[in-house]
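Each chain, written out:
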Amino acid sequence: MAVGARSSLGRNRLYLAGLSPAAFLLALFFVGPALWALGSSFTNRALVGLDAANPRFVGLDNYAHLFSDPDFGRVILNSVIFVIGSAIIGQFVLGLLLALLLDHAQRRGFLAANFVYGAVLLAWVNPTIIAGFLWVAMFDFYNGSLNAGLGVIGAPPVNWLGQGPMLAVIIANTWRGTAFTMLIFLGALRTIPSDIYEAARVDGASAVRRFWDHTLPILRPIAALTLLSITMSTFGTFILIQTLTNGGPAYQTEVIALYAFHEAFQNHAVGYGSTISVVMLALNLAFAIVFLRWSRARA
Amino acid sequence: MTALAATEPLGAKAVEAAAGPPPRPAKRAGPLEWIVVHLVFLVVCAFFLVPFLWLLSAAFDGKASAYIQFPVQPTIMNFVRIFTEHDFARVLANSVFVAVATMLLVVVAVSLAGYSLSRLDLRRKDWITYAVLLLQTMPISATMVPIYGLAKQLGLRNSYLGLILIHAAIELPFLIWLMKGFFDSIPRHLEEAAWLDGRSKLRALIEIVLPLARPGLGIAAGLAFLSAWAEVLMVVILIDQDSLKTVPLAFYEAMRTQGGYTEVQYGVIAAMAVIYLLPVMVVFFAARRLMVRGLMSSTRGL
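Chains Z and D supply the protein sequences, listed in that same order. The numbering used here puts the last residue of the first sequence at 299; the count rises by one with no breaks. The numbering used here puts the last residue of the second sequence at 302; the count rises by one with no breaks.
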């Protein structure tokens, strides 16, 4: 350190002051809400009326209710299906395949690869609520483009949002989020020099062998982190499902974020909604700690 | 090295690599391979682009439906209607105001915080960085209910102050981390020389350090603007006065009041969506790498 220890305390004091505006905002809108949710989860706080102004302490009633609530079991199951379907199967598998395809095409000098790359990215950068609107139209039973497409190949129309709502929201979220996985794997694949593949080919290695020996070792270390990352973001999905199905029909697509919202703002049970938020935050914190540990271990 | 490099958001390096030049072509492809690859490309593009093609056709169609086709009645009436019937000029002005104010607040806050975190000389500095990254993974959909309650008690509902503060806070964790990286790369002896010249710490920061960190500040400003422009959850729970409505809320309401017994006004909503998308697209085509980098950092659900 260029400057002596004598002035280090004074220097730090100013730096801590410099951190304070940001720290204030983070405390107010990240730590504050978490504590507020925890506090409210022990009360019968309501959205309107007497219990809104003077919530009563109810101890662990909300938690007892939550863990015996059959709807909550359903909601957790829905969330798990949605995460497995749209993050792990949809985004991860499709993203990986697209990365392999685009990397291969770029090594071949196919210019169309850049266009495809842009198309996948476009679905990802647009605001999520617009993605919801676009898929409302795509899934429309009578006029939607998806059923029109099925008609062209002679298949009967599907009542996407009525009969297969979970599949519908999974398709929409796969469409929206595939770019993330694709970008990460494409970045990793780029680091493999073409010469390695050439040399392996000259040595007579099959395509499968080349993939196994040279491609997989590059992808494996980041695969777990990518999965965890998209699991976290998919677990918090709210606006996409709200615009498409609003959790319905009959709770079939009600995931945890929607359940907290509906309990607080439709059933006016803010205390109970806060309890659900607390559970969600706790699950997310567990994911995040694992994520940060793994990323530290990797470097 | 501190823990910082070790815990950098997953995507930062990948984006640099993915957006860089492709590896040199290895071997010419045969015609069969060319055809197969391009057929797959066609299917992929159809999946990803058809929704956008529909959006454009619907926005410019006086008789828009969910069906994708060339406008039956090509017109810009849908755009005229959102301005005459939905008071969209005011909505747009509100949105621009909120996004610009958020951007300014974020730039000031992350300049101070990023610089301070970079220069801070504490034994447990890792922990601060670690905590910032932990906050970054907090889903805002999980804090919707408490933020509503908290904002109500603090009188921040139906106020732009509340909206601006929250939008700024949402972007802070990643941007603090990003700006710390920029400040780390600026040598300390530059500002130390300025101190010896008798400048205060703040003046040295503003006059010597910040101009060198301009590319980082540009990224921070751009991402803060976009995020505040596009963010919808906080607007939905905090604003219910018509005069305060911003673009995401107007779009949200237009969508949700449709259906049931009335015919869905696809054309009008599509026109709103096009305007809502416009700044996002401009940045996407002008500074794709910047935008992708910002998005990669976020593990928050929406």
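Quick caveat, the hints were computed from the structure, so don't treat them as lab data. Keep in mind that the hints are not guaranteed to be accurate.
[Said to hold, decoys possible] No farther apart than 25 Å at their CA atoms in a straight line, the calculated lysine to any residue pairs in the SDA-like style are these: (1) D:152 with Z:268; (2) D:125 with Z:296; (3) D:152 with Z:17; (4) D:125 with Z:268; (5) D:201 with Z:150; (6) D:152 with Z:51; (7) D:125 with D:184; (8) D:152 with Z:32; (9) D:63 with Z:148; (10) D:125 with Z:12; (11) D:152 with Z:125; (12) D:63 with Z:268; (13) D:125 with Z:266; (14) D:125 with Z:292; (15) D:125 with Z:150; (16) D:63 with Z:20.
[What the hints assert, rightly or not] Computed Cβ-Cβ distance ranges for the label pairs, DEER-style: (17) Z:81 with D:127: 50 to 60 Å; (18) Z:151 with D:158: 19 to 29 Å; (19) Z:246 with D:199: 49 to 59 Å; (20) Z:154 with D:38: 21 to 31 Å; (21) Z:216 with D:89: 47 to 57 Å; (22) Z:248 with D:33: 43 to 53 Å; (23) Z:115 with D:158: 36 to 46 Å; (24) D:80 with Z:216: 50 to 60 Å; (25) D:100 with Z:64: 40 to 50 Å; (26) D:155 with Z:81: 50 to 60 Å; (27) D:38 with Z:191: 43 to 53 Å.
Backbone N, C-alpha and C define an ideal beta-carbon position, used for all residues, glycine too.
So, going through the hints one by one against the coordinates:
1. The suggested pairing of residue 152 of chain D with residue 268 of chain Z holds, with an alpha-carbon distance near 15 Å, which does not exceed 25 Å.
2. Annotation: proposed proximity of residue 125 of chain D to residue 296 of chain Z holds, straight-line Cα distance about 15 Å (limit 25 Å).
3. Between the alpha carbons of residue 152 of chain D and residue 17 of chain Z the distance comes to roughly 29 Å, so the proposed pair goes past 25 Å and is violated.
4. A hinted pair counts as satisfied when its Cα atoms are at most 25 Å apart, and residue 125 of chain D with residue 268 of chain Z does not qualify at roughly 43 Å.
5. Of the supplied pair hints, the one linking residue 201 of chain D and residue 150 of chain Z is violated, its CA atoms being roughly 66 Å apart against a limit of 25 Å.
6. Taking the CA atoms of residue 152 of chain D and residue 51 of chain Z, the gap is about 15 Å. The hint holds against a cut of 25 Å.
7. Distance restraint check for residue 125 of chain D and residue 184 of chain D: the Cα-Cα separation of roughly 14 Å lies within the 25 Å cut-off, and the hinted pair is therefore satisfied.
8. Straight-line distance between C-alpha atoms of residue 152 of chain D and residue 32 of chain Z comes to about 13 Å, which keeps the hinted pair within the 25 Å bound.
9. Taken as a hint, the residue 63 of chain D and residue 148 of chain Z pair is honoured in the structure, with Cα atoms around 18 Å apart against an allowance of 25 Å.
10. Note on residue 125 of chain D and residue 12 of chain Z: the hinted pairing holds, with a Cα-Cα distance of about 11 Å set against a maximum of 25 Å.
11. Straight-line distance between C-alpha atoms of residue 152 of chain D and residue 125 of chain Z comes to about 32 Å, which puts the hinted pair past the 25 Å bound.
12. Restraint check: the Cα-Cα separation between residue 63 of chain D and residue 268 of chain Z comes to about 40 Å, which exceeds 25 Å; the hinted pair is violated.
13. The suggested pairing of residue 125 of chain D with residue 266 of chain Z is violated, with an alpha-carbon distance near 44 Å, which exceeds 25 Å.
14. Among the hinted pairs, residue 125 of chain D with residue 292 of chain Z is consistent with the structure: their alpha-carbon atoms are about 16 Å apart, no more than 25 Å.
15. A threshold of 25 Å between alpha carbons decides the hint, and for residue 125 of chain D with residue 150 of chain Z the separation of about 58 Å lies outside it, so the pair is violated.
16. At roughly 54 Å between alpha-carbon atoms, residue 63 of chain D and residue 20 of chain Z are farther apart than 25 Å, so this suggested pair is violated.
17. Taking 50 to 60 Å as the suggested C-beta distance range, the pair residue 81 of chain Z and residue 127 of chain D does not conform, at roughly 37 Å.
18. About 47 Å separates the C-beta atoms of residue 151 of chain Z and residue 158 of chain D, a value inconsistent with the hinted range of 19 to 29 Å.
19. One distance hint, 49 to 59 Å for the beta-carbon pair residue 246 of chain Z and residue 199 of chain D, holds here, with the actual separation near 57 Å.
20. Distance hint check for residue 154 of chain Z and residue 38 of chain D: the Cβ-Cβ separation is about 25 Å, which falls inside the suggested range of 21 to 31 Å.
21. Taking 47 to 57 Å as the suggested C-beta distance range, the pair residue 216 of chain Z and residue 89 of chain D conforms, at roughly 55 Å.
22. For residue 248 of chain Z and residue 33 of chain D, the hinted distance range of 43 to 53 Å is satisfied, since their beta carbons lie about 46 Å from each other.
23. Taking the beta carbon of each, residue 115 of chain Z and residue 158 of chain D are about 45 Å apart, inside 36 to 46 Å as hinted.
24. For the hinted restraint 50 to 60 Å between residue 80 of chain D and residue 216 of chain Z, the CB-CB distance of approximately 56 Å keeps it satisfied.
25. For the pair residue 100 of chain D and residue 64 of chain Z, the supplied restraint of 40 to 50 Å holds, since their beta-carbon distance comes to about 48 Å.
26. At roughly 41 Å, the beta-carbon separation of residue 155 of chain D and residue 81 of chain Z lies outside the given 50 to 60 Å, and the hint is violated.
27. Taking 43 to 53 Å as the suggested C-beta distance range, the pair residue 38 of chain D and residue 191 of chain Z does not conform, at roughly 26 Å.
The structure is inconsistent with the numbered hints 3, 4, 5, 11, 12, 13, 15, 16, 17, 18, 26, 27, although it conforms to all the rest.
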